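Chains A, B and C, in that order, give the protein sequences. Under the working numbering, think of the first position of the first sequence as 283, with each following residue one higher. Under the working numbering, think of the first position of the second sequence as 283, with each following residue one higher. Under the working numbering, think of the first position of the third sequence as 283, with each following residue one higher.
To be clear, the hints were calculated from the coordinates, so they are not data collected in a lab. Mixed in with the good hints there might be a few duds.
For identical chains, the list gives no copy identity; a pair is met inside one copy or between any two copies.
Pairs of lysine to aspartate or glutamate, EDC-like flavour, derived with a Cα cap of 16 Å [said to hold, decoys possible]:
(1) 591 to 578
(2) 457 to 468
(3) 457 to 571
(4) 508 to 452
(5) 448 to 316
(6) 331 to 370
Note that this is a predicted model, so its numbers are computed, not measured.
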Amino acid sequence: MKFPHPIPVRTLALHINARQVIGDDTLEATGINEIHKVEPGDIAFSDVKKYFEKTLKSAATIILLNEAAECPSGKAILIVDNPFEAYDQLIREHRPFEPVRVPVSQQAQIHPTAILEPGVVVAANTSIGAYSHIQANTYIGEYSCIGDHVSIGPNSIIGSDAFYFKKSPDGAFQKWRSGGRVIIEDHVDIGAGCTINKGVSGDTVIGAGSKLDCQIHIGHGAVIGKNCLFAAQVGIGGKTIIEDGVVLYGQVGVIQAVHIGKNAVVLAGSGVSKSLEGGKTYFGSPAEEFREKYKELAALRQLPAILRKLKI
Amino acid sequence: MKFPHPIPVRTLALHINARQVIGDDTLEATGINEIHKVEPGDIAFSDVKKYFEKTLKSAATIILLNEAAECPSGKAILIVDNPFEAYDQLIREHRPFEPVRVPVSQQAQIHPTAILEPGVVVAANTSIGAYSHIQANTYIGEYSCIGDHVSIGPNSIIGSDAFYFKKSPDGAFQKWRSGGRVIIEDHVDIGAGCTINKGVSGDTVIGAGSKLDCQIHIGHGAVIGKNCLFAAQVGIGGKTIIEDGVVLYGQVGVIQAVHIGKNAVVLAGSGVSKSLEGGKTYFGSPAEEFREKYKELAALRQLPAILRKLKI
Amino acid sequence: MKFPHPIPVRTLALHINARQVIGDDTLEATGINEIHKVEPGDIAFSDVKKYFEKTLKSAATIILLNEAAECPSGKAILIVDNPFEAYDQLIREHRPFEPVRVPVSQQAQIHPTAILEPGVVVAANTSIGAYSHIQANTYIGEYSCIGDHVSIGPNSIIGSDAFYFKKSPDGAFQKWRSGGRVIIEDHVDIGAGCTINKGVSGDTVIGAGSKLDCQIHIGHGAVIGKNCLFAAQVGIGGKTIIEDGVVLYGQVGVIQAVHIGKNAVVLAGSGVSKSLEGGKTYFGSPAEEFREKYKELAALRQLPAILRKLKI
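Can you build the whole structure from these sequences, using the hints too?
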């Protein structure tokens with residue numbers, strides 16, 4: 283996430299009430315991001331000493347810490363009491379949370395040819411393209427971009443909050459603000475009762491021409507390619523990448539942060555727990571190439587009789 | 283799907299802009315259907331040469347093709363540029379798609395004793411029977427028939443579109459229009475957040491007295507018998523037939539186009555990948571008779587120790 | 283469920299049209315409950331002779347039967363034609379079912395700092411605490427108690443009916459009325475498209491600080507501890523108890539009436555079919571300790587080659 287204008291480190295230090303600036307205080311922050319996503323110019327944070335080094339060595343230029351540390355050259359450290367809260371404050375200020383108060387926000391851009399059915403709620407800072415059809419009681423959350431010729435079934439949710447929390451030492455969870463968006467490209471069909479979470483620091487994307495059946499869940503920041511086909515009740519974990527032409531049958535689950543290659547097929551009910559090469563068919567939980575899995579299942583069916591014969 | 287009046291082949295040829303009529307041009311079309319469902323008098327289509335013969339040998343009387351072929355006696359072939367588009371045009375014209383624009387369509391027939399809660403949206407050409415109770419924010423799609431004494435929980439969707447596409451050679455998908463209905467018979471209970479798809483060329487049916495928990499998905503054209511009990515998050519594939527008295531525990535998935543016999547029981551989390559005989563209990567993914575599956579799982583638990591002992 | 287005032291047995295007998303009173307007719311009924319939950323003073327029922335003894339030996343003080351039986355001392359038996367209907371009548375009268383007719387019931391108590399988005403429907407006898415945020419098109423059912431700082435995503439349902447039926451000899455099901463509530467404690471986050479059923483005779487509880495992702499189903503009377511983390515599409519059966527700090531990954535299913543100990547972790551796609559000790563990590567369907575399960579899966583992968591080698 284980039285700021286509209288660069289923020290000088292000294293301004294930033296005052297703004298978030300930093301106790302100390304270490305390193306180059308003439309730098310400017312141009313954006314803010316999670317440690318996995320930071321680019322030069324970005325602000326990152328850490329509040330656990332053992333991760334300080336990793337954060338300082340990342341691409342981030344300005345680092346928020348709760349204790350002094352040695353600053354690499356060309357960077358600046360800002361010491362604050364609670365780096366997570368300072369980070370959250372900056373995200374909130376640059377993408378302020380505005381609870382939806384009207385069924386269709388005046389800040390939403392809706393193409394005149396788009397059809398919105400009764401009960402649809404459209405939040406601020408969204409766009410809905412030409413000839414798109416949003417069916418009854420569906421919710422289009424803030425910062426969603428819906429392309430042209432998109433169809434979204436009844437009671438679906440585009441842009442629900444990321445499921446992403448920071449655990450405190452006492453076991454309680456603090457919510458990590460969803461700064462990203464949902465982008466639905468052209469000619470996508472989404473069924474009824476689906477939920478597509480916003481990204482935390484990137485965008486959740488459904489590629490052009492992909493078709494999703496009912497009750498599908500897409501986690502925060504997942505990127506789905508073009509012309510994919512997902513049957514009902516599929517669930518995709520956060521930050522997972524699925525390439526073009528992938529077919530997932532009913533109730534398939536894919537964990538977070540894996541990669542499924544082009545034109546892969548995963549059979550019904552499977553659980554994908556690691557990245558999968560494209561062009562192959564998979565089955566099982568954990569999912570393996572389906573021919574291997576079928577051989578295992580055939581062997582397993584023989585096993586009770588074999589053990590009886592071997593008197594084991 | 284039957285037409286209100288028969289359509290002479292010559293009228294049809296003009297209407298869909300056919301280049302040529304082969305065979306008996308004095309026939310009449312009485313309906314239109316998918317190849318799996320066609321009856322005498324029906325129109326069917328094929329645009330892939332290797333399926334021409336199968337289509338010509340089907341019960342269909344009028345066949346739309348994109349190339350000339352030999353016509354069986356008592357039939358007619360109409361040659362058009364794009365048989366799928368001609369087919370789609372005929373379906374659309376005989377069951378026109380009308381986007382819902384009012385929360386309760388004036389064309390819906392709602393019994394005076396039925397209760398509709400706030401946020402319910404009822405599309406055109408639907409009927410809701412006596413003493414039925416449609417809870418908040420539920421959507422009753424076009425051409426749905428809801429019987430008497432039916433209860434439907436909040437945020438459910440009756441009559442979402444079939445998940446049924448035609449793949450183009452370039453990998454893109456064209457949506458197959460849902461010409462069928464959803465029929466919910468008397469005394470059915472449906473929980474919250476369920477999705478029941480319309481049939482493509484037949485009806486999706488939930489039999490009298492059946493009870494569905496929350497977040498259940500029923501695919502296009504599935505037929506569920508009487509007094510069935512489905513626990514939460516069950517998913518049923520399109521065109522599957524489930525007989526009376528079947529019990530499916532939580533998160534069971536059933537693939538498309540299979541048949542489950544009377545009073546069968548499938549235990550929680552199982553995946554049904556083939557037809558199952560009635561009167562038995564099943565478990566696993568793929569589901570097997572539960573006693574066999576339990577023996578396999580018991581043998582599997584011994585296997586690591588056995589392999590160690592055998593020094594394999 | 284306790285009555286507001288005790289009901290004398292003779293009044294009760296007249297009210298439910300009892301044919302006969304056996305035992306102490308000077309007693310008073312102070313409440314009514316299922317056999318699993320009854321306390322002294324409660325009314326219970328049985329209509330199957332082989333369960334009469336169990337019901338008579340329970341803590342219940344007043345027992346509704348359809349045939350005469352020997353009455354233990356300090357109790358009273360009321361003979362009625364249909365004990366289930368009499369039971370249902372009493373539940374209905376003391377917690378009358380009121381179909382929601384207005385988007386926000388005048389009987390709901392909503393804290394002035396709570397935010398309700400468009401399309402939210404709030405039934406009677408509910409309370410929503412300070413700074414809570416109920417997102418678009420969500421339904422808050424009757425008798426729900428929502429704490430402070432709670433966030434509920436769009437299109438979720440709090441307080442759907444329990445999935446709990448009584449089977450008649452002819453195979454038909456009669457619905458068991460949901461007399462319980464849903465209680466959402468402080469600082470709980472619930473995602474989009476979740477369904478949380480009311481208890482039948484107790485309350486469904488989500489403990490303080492717990493975080494639920496999207497499309498999660500919680501069955502009737504389940505009790506979830508504090509600071510639990512459930513990923514998307516998890517399903518929990520009725521009356522299951524989950525202690526504090528439990529983590530359930532995506533698509534995990536837990537059957538009804540089991541117990542999961544503190545800080546247990548269940549990996550994605552697993553099916554929990556029995557109670558699990560706390561502090562351990564589990565995988566598989568049925569779920570086992572994950573190290574054991576991984577050894578089994580590794581052994582299974584070797585099995586086809588071993589069988590070939592052994593020429594079995």
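Outcome of the hint check:
Taking the shortest alpha-carbon separations for residue 591 and residue 578, only the inter-copy value of 15 Å comes in at or below 16 Å, while the best intra-copy value is 20 Å. For the identical chains of this complex, residue 457 and residue 468 are inter-copy neighbours only, at 14 Å across copies versus 32 Å inside a copy, given an alpha-carbon limit of 16 Å. Taking CA atoms no more than 16 Å apart as the test, residue 457 paired with residue 571 passes in neither setting, with 37 Å inside one copy and 30 Å between copies. For a Cα distance limit of 16 Å, the shortest separation of residue 508 from residue 452 across copies, 11 Å, qualifies, whereas the shortest one inside one copy, 43 Å, does not.
When the C-alpha separation of residue 448 and residue 316 is checked against a cutoff of 16 Å, the pair qualifies only within one copy, where the shortest distance is 12 Å, while the shortest distance between copies is 41 Å. For a Cα distance limit of 16 Å, the shortest separation of residue 331 from residue 370 qualifies neither inside one copy, at 19 Å, nor across copies, at 61 Å.
In the structure shown, a violation is registered for the earlier hints numbered 3, 6, in ascending order.
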